[in-house]
Each structure stands twice: as C-alpha cells, then as structure tokens.
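Residue strings, one per chain:
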Amino acid sequence: MMEFWNRFRQNRGAVVGLLILLLIVVLAAAAPLLYPKSPWSMVQRPFLAPFAMDAFPLGTDPMGRDVASAVAHGARVSLLVGLVSTVVSMLIGVPIGAIAGYFGGRIDDALMRFTELFQTVPSFALAVVLVAIFQPSLYSIVIAIALVSWPPVARLLRSEVMALRSREFVEAAILSGQRARTIILRQILPNTLSAIIVMASMMVAAAILIESSLSFLGLGDPNVMSWGYVIGAGRTVIRQAWWVSFFPGLAILLTVLALNLIGEGLNDAMNPRLKRRGK
Amino acid sequence: MKHETIAKPVVEIERLSVALPDGADRPYAVDRVSFRIAPGQLLCVVGESGSGKSMSANALMGLLPEGVRVSNGRILLDGTDLLTQSEDALHDIRGRRVAMIFQEPMTALNPLMKVSAQIEEVFEAHGLLTPAERRAKALSLLEEVGLPDPPRAAASFPFQLSGGQRQRVMIAMALALEPQVLIADEPTTALDVTTQAQILRLIARLQRDRNMAVMFITHDFGVVAEIADYVAVMQLGRVVEEGTVEQVLFNPQHDYTRKLIAAIPKMQAGMRAPVTSAPILTVEGLTKTYRQGGGLFSRPREVHAVQDVSFSLAKGETLGIVGESGSGKSSVGRCLVRLQDPDGGRVLLDGQDMATLRGEELRRVRRRMQMIFQDPYGSLNPRERVGRIIASGPIAYGEDPAKAMAEAADLLEMVGLKRDAAHRFPHEFSGGQRQRIGIARALALKPGIIIADEAVSALDVSIQAQVLDLLQSLKRDLGLSLIFITHDLRVAAQICDRVMVMQKGRVVELGSGAEIFDAPRHPYTRSLIDAIPGRAHEARMI
Amino acid sequence: MAKFILARLMKAALILVCIAILNFLLIQAAPGDPAQVMAGEAGETDAVFLQQLRERFGLDQPLYVQLGRYLGTILQFDLGYSYRQQVPVADLIFERLPATLLLSLSAFVISLGLGTLAGVLASARQGRWQDSVISTIALIFYATPLFWLALMAVLLFSVQLGWLPAFGYETVGADHTGLRRMEDIAAHLVLPAMTLGLFFMAVYARMTRASMLEVSRLDFVKTAQAKGLRPALIQRRHVLRNALLPVVTLAGLQAGQLVGGAVLIETVFAWPGIGRLMFDALTQRDYNLLLGVFLVSAAMVLLFNLITDILYRLVDPRIRVTA
Amino acid sequence: MRHVVSATLALLLTTALAQAEATPGGTADLIVQPEPPGLMIGIVTNGPALAVGGNIYESLLRYDETLAPMPSLARSWEVSEDGLTYTFHLQEGVTFHDGTPMTAADVLFSVNDFLMKTQPRHRNTMAQVESVTAPDEATVVFKLTQPFEPFIRAFAYGTMPILPKHIYEGTDYMTNPANDKPIGTGPFRFVEWQRGSFIKLEKNDAYWDKGKPYLDEVIYHVIPDAASRAVAYETGVVDILPGGSVENFDIPRLTELPNTCITDKGWEYYAPLSWMWLNNRNPPMDNPKFRQAVMYAMDRQFALDVLWNGYGKVATGPISSKTPFYSQQEPVYEYDPDKAEALLDEIGYDGEPIRLLPIPYGETWQRWAEAVRQNLQDVGIKVEMEAADVAGWNQRTANWNYDIAFTYLYQNGDPAIGVSRNYITSQIEQGSPWNNVEGYSDPEVDRMFEEAALAYPAEARQEIYDQVQVKLQEDVPVAWLLELTFPTIYNCKVHDIVTSAHGPADSMRDAWIEQ
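So the protein lines, in turn, are chains A, B, C and D. Position 194, counted from 1, in the first sequence is what our numbering calls 194; the numbers after and before it change by one each time, with no gaps. Position 338, counted from 1, in the second sequence is what our numbering calls 1338; the numbers after and before it change by one each time, with no gaps. Position 6, counted from 1, in the third sequence is what our numbering calls 2006; the numbers after and before it change by one each time, with no gaps. Position 88, counted from 1, in the fourth sequence is what our numbering calls 3088; the numbers after and before it change by one each time, with no gaps.
Hints listed in this document are in silico derivations from the structure and should not be mistaken for laboratory results. Beta carbons: idealized from backbone N, C-alpha and C, even for Gly. Treat the hints with caution; some may be incorrect.
Said to hold, decoys possible - Calculated lysine to aspartate or glutamate pairs in the EDC-like style (CA-CA distance at most 20 Å, straight line):
(1) B:LYS1446 to B:GLU1413
(2) B:LYS1446 to A:GLU171
(3) C:LYS2011 to A:GLU171
(4) B:LYS1114 to C:ASP2219
(5) D:LYS3203 to D:GLU3514
(6) B:LYS1114 to C:ASP2060
(7) D:LYS3117 to C:ASP2060
What the hints assert, rightly or not - Take a look, some chain A residues computed to stay more than 12 Å from chain D by CB distance:
(8) ASN6
(9) ARG12
(10) PHE103
(11) LEU117
(12) VAL237
To be verified - The following residues of chain B were derived to be distant from chain C, with all beta-carbon distances above 12 Å:
(13) HIS1091
(14) THR1276
(15) ASP1410
Take the sequences, apply the hints, and build the full model.
Given below as structure tokens:
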C-alpha cells in the first residue's frame, strides 16, 4: 500500500487532482453546514453580481438564489450521480464481461452481441431517450447513464478476464478443484481490480458530464440542485449573468479534471509495466 | 576452428560502469567491466539473468534505456571513444559499423512493414544506393542468410515467417552494411534447438567470412562451447572470470563459473532400472485438433496438435515428453488434466476414462493428477497469500480451512521454504522459490500423478538444478508418477525413466532414456540430439 | 474481402432488426402518445378527435400488430410515415443527413487531424514544456462540458467579435449560389464543428500520445535505432504507423457516434441535423421518426465500424490472415 | 417597474411612427417556435402553425383589441334583432393563391364539411348552428337554434379558416398533398419550407386588399435554442421576435438594445390565463380551505416581476380582465403566508407530500414552479416536484394523474367558449388537458354558466358572470396565477405588426419596413 502511494505520489498531476477532489468532497460534505438554507430559497435580489455582497461571493441567479449555495449543494448531487451510476454500470458490465470472458464460446458470443446492441446506438442519444421515456428523476438519470456506460466496462472486463483466463494460476485453480464462481471471484476479479478502478475514476467523470448535459437539455431531476441544473438554468441568462453558469461549469471542469488526473495517476501507479528498468 | 588472434582489437571497453536509476535493487547494472574484441573474434558474455550482460551490450550500442546512463569508463571503437561522440556521429556508426540483433525475433521487426523494406531502410538511413539497388541488395542478403525462397520472404510481413526465419532477417539486416562489430543479444534463446543450431552455424560462418568482431550474449554454456573464441562470465554487473574457451569452460577458476558449469544437466541418461510396476495411467489414441476462425462463409483452419498419441505411465515412473515448439507436447499434458478437451481417445486413470468425464465427476477424479507450470510469475495469483494459494485446493474439496492452512505450511517446509512463507504474497519470492510454491500447491491435493510442463525452463541453470533435485526427491519420497514435459533434452535425460519424442503432434519415438539418447532410432530424434549446443565438448566440462 | 464484407453486412442487418424491435418496445414505455401530443397542442380536443388521430396512426391496433407492421415496412427498406408531419420518415431524415454529415465529418477531420498531430508533438517532447502544455489543454478540453464551451464560443466569436455567424446552416434569405453558398456554409460550420471537434480532439491527442509512448518502448524501435535511423524517421515510419492502429479503432467508433451524438451542439447552434430531429421526434412522440433516426444512426455506426475494419485490414497485414 | 415604463414608451413610439407613410418592399424575418407540424391550419391548429398559417389563410372576420369585429373576407355583416341570423357579405375579387376565385361555396365547404371533420372546437361552435346557407355567390347566412352572443367572435382565422373547396372536395383531407403546399386567400403565399431551418412566404400580388401587403417576403426561422434565438435578433438575422420566442430573462436585455421596440399587445383575443390545476379528487386538495391556503401562500407579484418582467397582471379569478364579462370581484387573494398557515392548521394538514407538475414550456415555467414550490414549502406544505415532457404532461393532466399541475389556457374571446369548459361538470372527461381537469363540480356553477352562455343580449350575460366569478373565487377550484402576455420584440424599423387582437400571428398584412 505504501509502495503504491509512493508510486502514485510521483505523478504530480494526480496529486493535484486528488487535492481538488478532496476539496470538492469536503465542500459537498459541509454544504448543509455552510449553507443550512435550501439552495432553492430566494435569498437576495436576482442577478446580484459576484463579490458585490460578502454574504454572496458568487452572486445570485435570476431568481435571487445563492449561486455559492447551489455550487456547494450541487457538489453532493453531481458526485452522487457520478458515483452511483458508475457503480450501477459496473454492476451490469463487470458480470457480463467476466462471464463472457471466462466461459467464452457461445455465451461470449451472445453476451457480446447484446453489448454491441447498446454500442450501436449513439450513447448520448440513448441516454436522452431513456431519461425522457422514464421521465427525469435521479433514478432514471442514474439508470440511463449506467445503461449507456456499461458496454465499455463489459468489454474491458472481457478482455482482462480472457487474458487472465489463460494464465497459469487460473489453470492451477481449475486443477485444484475450485468452481467457476470461486475462480472468477477469488482468482480473476481481484486481478482486474486495478483496471476497474482506473476505469471507474474516468467513468465517474464522464457520468458527471452526461448528467450536466442531460440537465442542459432540461432532463434533470427538478428536486435536486445539481451543477448541470444550475448551468442549464443559467444558460439563457449567460450574457446578463455569466456567473450563474460559469461557476458550476468551472466546478464540473475541475471535478472532471481531478478525476481524470487521478485516473491517470492510478493507471501509472498500478501499471508497473510503465515503470521502466534496465534488464 | 578456434584460432588465437593477434589482431588489434576493434572494440575496447575499459572500466565501464552503468548506473541504474535511484531505487533500483543495486546502484550499478554494470560495474567496472572491461573487455576487448578483435576482428574475427567472437566474445561470449555469459551470465544469469540480472548479471548486466545485456546492459553492457546496450551501452556499446549507445542505446541504454531511459534513466540508465554510463557513469564511468570508455568504449573505444577503433580507438575513438563512443561516449564522447555526438548523437549524429552515433547515428552514423549504428548500423554501419556496429550492428545488433536481439533475442525476440517476433517483436524486433516492425509488424507493419514488409521484410524487404526493413532491410532497405538500413541503406536509406545511411544514404546509400538507389532504391532499386537497395532492393536488389536486400534480396541478396536474404539469400546469404539462407532463407528459402528469398523473393517471397522479401515480400512477406514478419508475422508470415517462422521464428528462425525472422532471426535470419534480423541478421541480414545487421549485416547489410558489413559492420565491423556485431552484437548478438541472446539471439537463439527464443528458438527451438534445431533452429538454434542453424542460426549459430550461420553466425559463425558470417563472422568468419567477414572477419567481424562479435559480441555474443548468452546464458547457455552449451552455446558458448559451440561458438566462442573468448568468454567473459558476468555476475551482478561484474566480470568474474574471462579467458579463452579452453580456460573458462574446461578449467574454470572462479567458484561462480564452476557452480554454473556444474549445474548444467548432463546429456547422460545413465543406467536406470526399468520401472516395472503396474501402469497407473494409460493413454490410448489421444487426439486434439484446434480450429481457428471460421464464420458464416469461411471454413475454420485446422491444426492437428495431437494425433493418435498412446502411452502408459507406471506408478513411480517419470515419463519425459520432449519436442520442439508446436510438437504438441504441451497439448498432451493439458488434455490429460482436461484443461483442454481431447477430440478423441481415452485417458484411463486406474481404469476410469477421464477423457469424457464432466462436471462434478471430473472434478473428483482430477484431484489425483496435478500440474506444475512453466512460468513462476504467471502461475501464482499475485493477489493471494502463499498459504491460501496452496490450501485453496483442499478447501475446495471440503477440507477444514484451518487444517488446510496448517498442511500448507508443512508443504512449504517440505519444498524447502520457511513455514511463515504462507503469510506472504508471491511477489516477495524469487523465481525458484515461486516454483517451489507451485510444487507445494500441486502436492497439496496428494495426487498420484504430477505433470510438470516446462517446469524449469524459465529458471537460471543454477536454480534449475535445485528444482530438479527437489522434484526427484519428492517423487521418490512420495511415490509419485511424473510426466515431465520439456524442450530441453538435457533435462529430460537427467530425470526421466522413459522418454517420448514428439513431432508435429505425433509420437516419433518412445523408449527408455538410454535408448533414446544413446541409440536414437528415429532421424528426428537424432537431429534433435545433434542440435544440442556444446554436446561435443560436454565431456570436457567438469 | 468480399466475403468478409458480405458477412459483416448480414450481421449488421440482424443488429438493426434487433435495435428496431428493442427501441419499438422501449418507446411504448414513454408516457403519452403522438395523438395526445397533437391533441394537446391543438388547445381543444375531444374523444372523437383523439380517436381520429389514433386510427390514422394505427395506434388503435394491438401492440404486436403495430410491431409486425413496422418490421414489415422496414424490411422493405422503408422507414414509414412521420405521424406528426405526415411526410415519409426517410425524406425527413435524408433532408437532414447532409447537414449532419457535414458537421460530424468536419468535426471528425478536425479532431482526428489536430488531435493526432498534438499527440505526436506531445509524445515527441515528452516531459518537456510542449508536452505539458498540450497535455494540459487536452485534459481541459476533455473535462469541459461541451455545451458550455459552445455557448462561450458563441459569446466570444459571434456576439463580441462578430467574426462568425452564431447558428444555423447558412444565411437564410441570402440565396447564395455556387461558391458563395459554399463559403457561407463554411462560415456557419466553423463554430459548431470546432466545438464538437475539440472534445474528440482531446481524446485523440491523449490517445495518440499514450500510444506513441507505448510503441516507442517496443523492441522494433530499438532495432530501428540500431540500424542508425534518425529519430524523426523512426517516429514517423515505425512508431507513428503502429501507434495509429488503436487510434483508427477509436476513430471508427466515434465517427459512427458523431452522427447521432451531436444533439447538444446541434441544439445550441441550431444546426438542422439528425440529433435535433431525434430530440424533437422524442418530445413529440413521433414514434416512426424516432425509430427511423435511431435506425439510421445505428446504420451509420455499423457502416463506420465496417469501414474501420476494412481500413484496419489494409493497414495491419496481420488481420488479413488471422481474422 | 422600469421595464414597464420603457415598454410603454416604446408603445407610444410605435403609435407615433405608425402615422408615417407605409413603404412597400423588404423582407420581414421572424421566429417561429417551435417548428410547426404543418401549415394547413384547417388541420393543424397549434400556435406555431397558426402564427405562420395566418399569413396564408383568412377567415370572415378579424377583431380589434376590444374584440370588436373588423372586416376580413367578409366585407360587411348583419346580425338580426333576435340574435339568431348572421348574414355575411363577402369581399369582391378574392382569389386563392392558385388563381381560383373564392366564393360562398368555399365558405360553406369549410364550415359545413371540412372543419366539422377536423376541428373539435368548430364542432362545439356549430352545435349552436341550425344551418349555414349561401343565397348567392357573395353571401353566407348562419342560422342559430338559439341566441348565442359569443358567436360573433367565432369567425377568427384560427377557428374558421376558409379553405379551397376545389382542392379538397372528395379527397382525404388529412393526406391531401396540398397540405404540404398550403393554398389560401391570405396576403402571403407559401414558397418553401426547409424543415429545421426556415419557412419562406412571398407577397400575394393578387391580394384583395389592394396595396397590401407591403412586404415582399416573410421568413420564419426555426431556431430551437432560446439563447440562439436571442442571438439571431442581436445579429440582425431576424427582425421580429413574436411572444414566447426568447426566454423572459432575456427580454430586459434585448429591449435595451438600440433601435429595439417592444409591445405586449396582440394577446387580447387569446387572453392567456395561467393557473395550477388542483386535483379536487385527491385530499387535501378536495378541501376548499386547503385550496385557499395555496392561493394565500403564493407570491404572485414576485413571479410577475421577476419571471415575467412585469408584463401581465395578477389574476383575480377565472376570467381574464381582457376577456369580455370580466369584473373585479371579492375575494381576492393577496400574498399572505400567515393566513395560509392558519388555514392549514385549521384543517389539520399533516405534511403529506404533494406532487407538483410543472408545465414543460421552457425556462420561465420551470423557474416559476420552483418559486411556487418554495412558496408552498415556506408555509409548511411538503412538495415533490415531478418532471415530464410535453407528452408526459399531457398524459398526466388529461388522465388526472397529478396533485398540482401548472397550465395556461386561452380564453378565445368569450367565457362561454374559453372559461366555462374548465369548471362545469359536463366537461369532466378524461383524455383532454383542456377541459375540467381539476374535477370541480357544483350544480349551481353549472347552471349559471349554462344560462350565461345563452342569455341575450350582453348585459344579461354580464350579471350572471359576476355571480359566477364570486362563487368560483370563494371555492378556488384551481389556483389562478397570472394573466399572461407575451410581448413582441422587434426592430423599430418594422411597423404595424400588431393590428388586431391576434397580434403578429394574425399575419404581416399591414406590416411595413422603413426603407
């Protein structure tokens, strides 16, 4: 673990990413303390410019709602949506990929054809349709994001599992009488973990982007204040009140950036192949 | 053939040190190494993995990996120090005056370029000849290195050639500009023994014809005996002993050299009493065919990996299966334990046909036949502790986990490791130790038969000898039957009661070790034995 | 090769039918139907009116009959009629297709060209400031919400600077012809194609860089060095060609996705493309049109995948024999 | 407040400039939003279709801003003393765009045949009509079964367009190819429609009102994004932003641009009134006190000022102040959260969550729902916002699957046409989002609306409508919000775009551009 951290630390970008993400997580966690009032409450006059009043450093939106509060509360939602939809798509993609990769043959064929179906329809368009059909709510958004994001997971898992499947320690496990389930869970999956974690960090970032894009098209959950929603709400007034969409946009940018930096750092740290040494 | 040369050396390496980056396991990959090579002379640099032999070659070529640098010393080529040359001058020298061939002919060629183009490029790099001339030259080079049908080879992509052919292409490329110095970094290690013999002969011939200085890097003393004029033995970055072949191989002074030479398995089957006990395993007409590709319209390509293989294995017997790559020897092993399903034939284990069992029944029978794998790095799950790796078999068969773990510790002791190794992860062990763990795992289920698939091939010779000893003694103590699959005839000769020689999926000869090695009847067996490097000099090595 | 293409085409047809069925069923899960939407818009409705509309659209039939009819029409290479606009779906789609193809292919060319170029540059200067700058910019584009970028671009280049038109496909009413018209369309194309391209550009830059670095470590590069080839030539001839293989794969995947995946950009820039058509069809519950758009964009994906595979087979000799 | 002043100023300015001499020529560029499904307004009657189709088709009458009838295809008309016979004399020399003369036969065909098949509203109106006849080529006579005072306001182009008989007779109206190339009598002719991009109309040289129209071309641009539409105006691509083209938040900024005029006129006929359906079937909305609490809880003035830039008016009750027979009645509901809380306490509201369904018509409406949610939550009503697109919203309201739902409806010139439908028992019928969706049922209200519709003349009707307004304002069957108006923003060089109660949608027949 220590060794892993040391390797991770060598990537300056990853450390910066981690710091940014920590900051955002802290912001999300502290939002109810920092801004006890609902972010929806109209607290000042509309279109208050940023830094005009100390109490409202990021200004107010066209309804007189505090943008800073929205950014803080939005962090909770965006992170949650990103995280949960990633977990859900992992829950779909990992088993499908693992089963396809492990058993191969017809099972693999069938599962991969199924995966292809999802990849053949442009993914954002599919997400839009899914959310529209099931009507926007946190659930439908998470499900839609998960449904369009799992195929790459399945493909990654499949190729990883296929590679591991022919590794000798897996064959040894077969010979030692372990059953397929045990082998997949104990022998194979732990070895795909680093690939999964790297992918997951990137997927959280992508999910946050998809959620904000959906909100931009008016397909967000109206009950929660997410960054995507705030930008969506601010975009029509972007020229009178650039700050309304600017700050949450910046928040998304930083978060996604941080997650990608971390993903790269993890990739470097977990992939000793990149550690070059002489023979 | 060996001739002392008095010519002025073309390469002189003086007190060369190559520093490794911070955090490496030792400060210097190469530590104050000196040697010289004269035109027409072949220097073998020999050593085990990690000895720094490749790094010295790379330093000479000026192609050290990033982060690794020469910290001291001089590399003189015809009296000029390469270390002081500009990058530009070095470009000129590489390929023209010093050329290099590598171990992996598969990856050393650009997969997307035709062979001819890759050779022509050498001329292009140095601004020589017209394109048409280059093409003609490439063709004649391919002919010179003995490729059958050179025009076709020239128009091929690397993947369309065999390993030996690719290595010939590499050599053609290296020879293109008639360099003074050729560096060959383990050029035959990845090749089959018969191919290796051909390539060695080719290198020797070219060296003689062109009066080149050759620096030949290898771990194989057989190869050294075969072609070297001069030998330098390296250990942990240092040259521990050097001299002529006579001196180093037949009269080694340094302990390390002696140890290495002693560890080489001897090509003597020795007289063993035939094992007469009843067969525990009988294989009849085993067949396996691989089918590749094939879709709606295309017929799958078929490879007959195993064809009608029959043999039996007596209790307590060691049966060797030898052959070159693609001979089907590994497929036989894998079909026996049903890692692959055979297409035909019977595998009778105590009278029960294992070849057709399925599911739970297969699982029950299979515990009696376990396997030891080739790759000490790939055969242990890096995320499981050693104790668990060994115990998971018995646990899977319903053993109490605590008891299984205790037994695992016993097994670790039995294979020569400490009990507390059980709590550690595989990466904390060396290759040889890992192979011991693999053996312990195979033993955990108390099998009657162990199949060792190239179990010592990836190990350095000194380690190899230890592991072979361990296997021998375990077999004796536990009354095991052993099927030993290997490409290395020396190893087979050393431990097998009987040997089965395979070629292209078929058994060409099956007999006792003495019959096979001392009086081979089949021409293929004979060619295999003849190809073993250094065989002629074996008797003189201690 | 012909065999290969034929086999792939048959597989593609099968996938398309599956997509048609799945999406047909999926759409049924949506609340409301086209009759309701149209009745709602009329501002006044009664049962007779709704019944009229439903009969006209065949929505009064059981689901399996509707599905059967739909599959029947698409198997005749017909996409049916748009409920709402009473025009053949194919007409609506093919009317939009040129705009979509123009936008997505321009974005594709921009992103692939600039992206790989940036990636090559960054890898050549690995660890130096050029690498840092390119990598950072790529990462930022990669992390920026596309629509946000689009809005900023409009603000800057259209509103503030007035250099480029803010939206649309061409200047309406200008009635340009020939070269003038092409210039006009090109001017309209710049912003949407750039913004759409920037994200993918970042993807390609990052991928090319990583791939170049990875290939640089392979043995044959060392062989090339040993031959005495100059670094620039090694990069170009040996590293780049091999490094582009994964880029080709990705490019194929994304070229397909671009066609139906530009909903956001088409919305912001009022670009009359397929993405918007889909979004409108969706809110209007114009089932046939929506299904048609899905089928056409899926067909595009499959087509581009096929093209990629063919390209790949041409570039990489290994595939030709083994696959 | 400033906005209102500037708007008034702008209005004054337009009026002043309107005196100037109209000059022919030029192209007017407008927005149409969203893209209409078709332009044949005998079949498609949604807002955008009417906005474009109004240039192509005409009806017998037009209406001024007090809803008094003006000549259109009818040169003059008489109503008999008993209010049962309406006689219209048609203009002379009217031809359809294909050159065929328009006669009484076309009117009969449209009224008796075509529209009866395609338009539910027309079927409703015609329920009062005994016969329609044409004594000669230029005269049409409507005979009513009983006096129906609103009838004179039923001849708008949107409800009774006159269609070419020679093209449609004997064909399937719905699939007639002419629907794609609409042919009417209007001041402009259809030229081209590039779907997703623009609709182009050109001057009808043979228009019956000689000298008109002034414009050579009218182009309606389709730009799906509100912000882009604003940019289109700023960059001069379009000259006129009809009401609803841009988000309300953008209006103040746009009106401050140089040479920009704004008018909130032209909505008198439709008189859109917004309210929230309160599902009277579900507790606690079944309790009038709860409904009153909702009225007190809402800060409607805030919504008017912030969301609608002050354009419009806080609604007092079911009838818009622009619609005939409106009268100011008690009770009115001022913003009074304390009173709302008191009422909630009184009925013992237990904090059961209430679902709130916004209407998916864009930003302003979404923001409005958010503001209302905040208002309701402030007095202790727990609100869960739901989301639905247009189809979803239609289905939810039409099938009564909601607790509180936003909506707005046109009053169409008369309470008997546009108001009673939302409150009388006979209009409780699933499937339409425009009838008595809230499920309010009161025999007395039913009786009063019935009598008021048929009373004759107007004074008799006024009396009953006064009572209805009182009764409904006490019961609060729905929560009235604002009388809306959607101001038109336009370049001041364009004149006379609003010359009737239908506003710019009624055609660009009088509009002209300063050269």
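Hints versus structure:
1. B:LYS1446 to B:GLU1413: 16 Å, holds
2. B:LYS1446 to A:GLU171: Distance ~18 Å between LYS1446 (chain B) and GLU171 (chain A) Cα, so the pair holds.
3. C:LYS2011 to A:GLU171: Roughly 34 Å between the alpha carbons, so the hint for LYS2011 (chain C) and GLU171 (chain A) is violated.
4. B:LYS1114 to C:ASP2219: This hinted pair holds, its Cα atoms lying about 17 Å apart.
5. D:LYS3203 to D:GLU3514: 17 Å, holds
6. B:LYS1114 to C:ASP2060: With a Cα-Cα distance of about 65 Å, the restraint between LYS1114 (chain B) and ASP2060 (chain C) is violated, given a limit of 20 Å.
7. D:LYS3117 to C:ASP2060: 19 Å, holds
8. ASN6: 48 Å, holds
9. ARG12: Check passes; 39 Å lies beyond 12 Å.
10. PHE103: 41 Å, holds
11. LEU117: 25 Å, holds
12. VAL237: About 5 Å separates VAL237 (chain A) from the closest Cβ of chain D, which leaves it inside 12 Å; violated.
13. HIS1091: 5 Å, violated
14. THR1276: Since the minimum Cβ distance to chain C is about 49 Å, THR1276 (chain B) lies beyond 12 Å and the statement holds.
15. ASP1410: Answer for ASP1410 (chain B): holds, closest chain C Cβ roughly 44 Å.
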